[in-house]
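Asks: Each chain, written out:
2 protein chains.
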Amino acid sequence: MTYSFSARGSNEAVEEGPALAPKFDAAGLVTCVATDAASGDVLMVAHMNAEALARTIETGEAHYYSRSRRALWRKGESSGHTQHVTEMRIDCDQDAVWIKVEPAGDRACHTGRRSCFYRAVPLGKAPDASLTLGFVEAERAFDPAKVYGGKGD
Amino acid sequence: MTYSFSARGSNEAVEEGPALAPKFDAAGLVTCVATDAASGDVLMVAHMNAEALARTIETGEAHYYSRSRRALWRKGESSGHTQHVTEMRIDCDQDAVWIKVEPAGDRACHTGRRSCFYRAVPLGKAPDASLTLGFVEAERAFDPAKVYGGKGD
Numbered sequence: 001m002t003y004s005f006s007a008r009g010s011n012e013a014v015e016e017g018p019a020l021a022p023k024f025d026a027a028g029l030v031t032c033v034a035t036d037a038a039s040g041d042v043l044m045v046a047h048m049n050a051e052a053l054a055r056t057i058e059t060g061e062a063h064y065y066s067r068s069r070r071a072l073w074r075k076g077e078s079s080g081h082t083q084h085v086t087e088m089r090i091d092c093d094q095d096a097v098w099i100k101v102e103p104a105g106d107r108a109c110h111t112g113r114r115s116c117f118y119r120a121v122p123l124g125k126a127p128d129a130s131l132t133l134g135f136v137e138a139e140r141a142f143d144p145a146k147v148y149g150g151k152g153d
Numbered sequence: 001m002t003y004s005f006s007a008r009g010s011n012e013a014v015e016e017g018p019a020l021a022p023k024f025d026a027a028g029l030v031t032c033v034a035t036d037a038a039s040g041d042v043l044m045v046a047h048m049n050a051e052a053l054a055r056t057i058e059t060g061e062a063h064y065y066s067r068s069r070r071a072l073w074r075k076g077e078s079s080g081h082t083q084h085v086t087e088m089r090i091d092c093d094q095d096a097v098w099i100k101v102e103p104a105g106d107r108a109c110h111t112g113r114r115s116c117f118y119r120a121v122p123l124g125k126a127p128d129a130s131l132t133l134g135f136v137e138a139e140r141a142f143d144p145a146k147v148y149g150g151k152g153d
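Those sequence lines, one after another, are chains A and B. Residue 82 in the working numbering sits at position 82 of the first sequence, and the numbers go up by one each step. Residue 142 in the working numbering sits at position 142 of the second sequence, and the numbers go up by one each step.
Excised from the complex, chain A in its bound form (with noise of 0.2 Å):
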């Protein structure tokens, strides 16, 4: 199935035009990041293909597609931890997505979490051994193996 995305115009038309023409890599993926429409904290970063572009945009619940499993993901599926998309951007060059989703359960984190973004890396020397990471938001609300019987989300 194809769907119906514009073909890839001039950078100016691409950058600077109102027609949606993504720009797929080489596995057929561009980038999305979804973020808390409440309090506007990243709460993943994700793959979409074309078909998780499009049922995304159609269905207003967030799609992505799993490189592990290489399939459609409907986040929430396993979990019930749905994203309602109340806002999309495409970025200038149109490899990038950005949703502002609603979390069902507030939770996006396969790890029981509420952001995959759990750990804080401290800033102003060189990496070495000595690097801690800090643990920001260190509670489960659940038991993955609990939800996803080790199937992921």
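Calculated directly from the structure, the hints in this document are not laboratory data. Incorrect hints may appear among the rest.
Heads up, the list lumps identical chains together, so a pair's fine if it works in one copy or across two of them.
As the list claims (entries may be wrong) - Listed next, the in silico DMTMM-like pairs over lysine to aspartate or glutamate satisfying Cα-Cα at most 25 Å (straight line):
| id | residue 1 | residue 2 |
| --- | --- | --- |
| 1 | Lys23 | Asp95 |
| 2 | Lys100 | Glu139 |
| 3 | Lys146 | Asp93 |
| 4 | Lys125 | Glu87 |
| 5 | Lys146 | Glu77 |
| 6 | Lys100 | Glu58 |
| 7 | Lys100 | Glu77 |
The model shown is predicted, which means the values in this text are computed figures rather than measured ones.
Fit chain B to the known structure of chain A by using the hints.
Replies: Okay, now just chain B, sitting in the frame of chain A:
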């Protein structure tokens, strides 16, 4: 030159441990999302190789890897629109980085805009030829040709 990131361990170590063990892809890159430290808006999505990641951690100034120029890229080296990093996070499987930045000149996009995500994709029906992107931020603050002389940032 090598950089002192930890070796990748078990999933449990990567996801729940305190060691920075980035998962660089086949091209040696991780994805980086930069958001505005003040507004929370996503400014850009770019890539970092090991050197760009190490230099960003060390200096607190955003460094990326330019895939088109195949070179380390200190953000703002041409445009002056540097990005001071106020916080860095890493995601569960450590293949994506989120940085909160203070963008000099309040600009991040090479088109002269605050954010690369200046167009909205309408939601609610299957994408077809009638889909028209909406400009959220139309205005360019500068003429890219004058700032970059055709080089980009």
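Asks: Would you mind marking each hint as holding or not holding in the structure?
Replies: Here is what the structure says about each hint:
1. Lys23 x Asp95: both (5 Å within a copy, 21 Å between copies)
2. Lys100 x Glu139: both (23 Å within a copy, 22 Å between copies)
3. Lys146 x Asp93: For lysine 146 and aspartate 93, the Cα distance is within 25 Å only across copies (20 Å; inside one copy 41 Å).
4. Lys125 x Glu87: between (38 Å within a copy, 14 Å between copies)
5. Lys146 x Glu77: within (15 Å within a copy, 49 Å between copies)
6. Lys100 x Glu58: Answer is within: at 15 Å inside a copy they meet the 25 Å cutoff, but 31 Å across does not.
7. Lys100 x Glu77: within (19 Å within a copy, 31 Å between copies)
In summary, this structure violates none of the numbered hints.
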